[in-house]
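**Q** Heads up: the protein sequence lines correspond to chains A and B, in order.
No gaps in the numbering here: position 195 of the first sequence is 195 in this note's numbering, and each next residue is one more.
No gaps in the numbering here: position 7 of the second sequence is 7 in this note's numbering, and each next residue is one more.
Hints in this document: simulated from the structure, not taken from any laboratory.
Accuracy of the hints is not assured; some may be wrong.
Calculated lysine-lysine pairs in the PhoX-like style (CA-CA distance at most 25 Å, straight line) [what the hints assert, rightly or not]: (1) 284/A with 255/A; (2) 255/A with 18/B; (3) 103/B with 160/B; (4) 284/A with 191/A; (5) 160/B with 64/A; (6) 103/B with 64/A; (7) 99/A with 18/B; (8) 160/B with 360/A; (9) 12/B with 99/A; (10) 99/A with 103/B; (11) 69/A with 97/B; (12) 103/B with 360/A; (13) 69/A with 160/B; (14) 284/A with 97/B.
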Amino acid sequence: MLDVGTPILQASPAEGAKDQHMVLNMGPQHPSTHGVLRLVLEIDGEIVVRLYPEIGYLHTGIEKTCESKFYQQVVPLTDRVDYLGPLANNLCYCLAVEKLLGLEIPERAVWIRVLLTELTRLNSHLIWLGTHAMDIGALTVFLYTFREREEILRIFEAVSGQRMMTSYFRIGGLAMEPPLDLFDRIQAFIKTFPEKIDEYSNLLTGNPIFRNRLMGVGHLSPEDAIALAVTGPTMRASGIDFDLRRDMPYSSYEKFQFRVPVSTRCDCWGRYEVRLEEMRESVKIIQQALDGMPGGPVKADAPKIILPDREKMKTQMEALIHHFKIVTEGFNVPAGEVYQGIESGHGQMGYYVVSDGTAKPYRVHMRYPGFASLQALETMCQGRMLADVVAVIGSIDIVLGEIDR
Amino acid sequence: MAEAPQETLAGKQSVLEKMPDHPAVKALLAWNAEGLTGALYDRGELTLTVAPDNIAPALSVIKDAGYNAFEDMTAVDWLPSEPRFQLSYHIVSHQYKERIRIKTWLSGDQPAIESITSVWPGANYYEREVFDLFGIRFEGHPNLRRILMPEEWVGYPLRKDYPVEGYR
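Next up, chain A with everything else stripped away, as it sits in the complex:
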């Protein structure tokens, strides 16, 4: 059985090793832990003997808070879980509730969702690339990736009014029709973006320091990846060809042609290659979404669930009544339970929503990929140098907001 970590501070070191092993505390305030992750390391010289992650520093009890909100009020809470991929969170929650309601979403809304979710993936991967390279010592890349991320955030601001906490996907569709020049703007962005990926690749792929810091480091075998519930790019870099977008499609992903990058290297370098390729595939999906963007409404025809347009609300009595009812009482959702999984930038995200027939969710459970990936940290770092821990944390791409929730 794989060891997922025994508490080091309580356990006594192995007999005979008492004087040689040192316990080192890394974090919670450490620049390379990507948030407030605390690692307790038992080291023999510079070799990691054991590693124990202590999490919970960002725990805000979001799942408990959801139980006291109306269904539509949960959407803004989901932004704050994985704060680097807000639209993916919105999508997953909305799909889960729509499945409970049995609601059909207009095609245009579905396509815009795919478009923006892929931009979110680019956003998430750009932050990963910048910070990962910075942890390794390649400071320049960070400035380049944040240049492109800035444009993505401006696009998010244009559609939703918010750079990070978008809440743009709502139960039953989108918050509003996107601005007129949005698609031209995204088109202009993705036209130059593949060159930008080449630029990052030129800075890093041939860099001997970067190569040596990643190649052969953080080995995770395919069996261990499955056993430890690791998902997403980290799993695919261990040679497992599984992507929810292709294999269990949601939100009309079956209509898009894209490749799922897989690497059999099983190390940090494989994860770097997979994510870089994923960015190129996302660009392809965005291009297809732009080319085939259907017309029509962006909200489902369900006046008791979706807030009416402002104009209608001010001129029509029924719309005003519906608006008042939704805001004050919410809407009842048929009893039942659903689990909706999507492929977020970090891996398989899932929302488990249980309804008891009232206007507030009975239980919302969020499955986030980082929580499981963290379990594999010890397996990947054991017997390696202390400095490799930094490279491995960067390569599994965790966000502490999603781990602690």
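Based on these hints, arrange chain B on the given structure of chain A.
**A** What follows is chain B alone, placed relative to chain A:
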């Protein structure tokens, strides 16, 4: 699954009639005909209920039937009804490209169940989370300690009798 039906199938009998070839159902019945206590096919998701004493062997049977990847587990508190806690395990099959939910029920009085870390070591953090937030004990878990809340915390925040706001 191509032959998956559209409508809701409530109850063990109707699921067994309509989906007799489903690999998970077949494997569970072959292992123990009495092991499957309930089944529901709703909104495209198959839920199989097993007795709490059987959870680890049942999941290892399901794992051998091709449902290889543990994805998620959590609990739901149905206070004041009894049995009070519902445990849901979500397992994905890379081979069949399908997800299945295994459910079991626990009583509210000192809830405890066998740990499944022997089947999937990756359930470790998930069981710790459920222990931390619901107070359900997992027998045989290698390191059953609070994970998100502080060590010295009193109470289990996700239970329904725990207040959402104010002082404890």
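**Q** The structure should be examined with respect to each hint, and the outcome stated for every one.
**A** So, going through the hints one by one against the coordinates:
1. 284/A with 255/A: Roughly 13 Å separates the two Cα atoms, so the pair holds.
2. 255/A with 18/B: Violated - the C-alpha atoms of residue 18/B and residue 255/A are around 29 Å apart, more than 25 Å.
3. 103/B with 160/B: 19 Å, holds
4. 284/A with 191/A: Distance of about 10 Å is within 25 Å: holds.
5. 160/B with 64/A: Satisfied, since the Cα-Cα distance of roughly 9 Å is no more than 25 Å.
6. 103/B with 64/A: It holds: about 21 Å lies between the C-alpha atoms, which stays within 25 Å.
7. 99/A with 18/B: 22 Å, holds
8. 160/B with 360/A: 14 Å, holds
9. 12/B with 99/A: 23 Å, holds
10. 99/A with 103/B: Given pair residue 99/A, residue 103/B holds - Cα atoms ~20 Å apart, limit 25 Å.
11. 69/A with 97/B: 34 Å, violated
12. 103/B with 360/A: 23 Å, holds
13. 69/A with 160/B: 14 Å, holds
14. 284/A with 97/B: 24 Å, holds
Checked against the numbered hints given earlier, the structure breaks hints 2 and 11 and satisfies all the rest.
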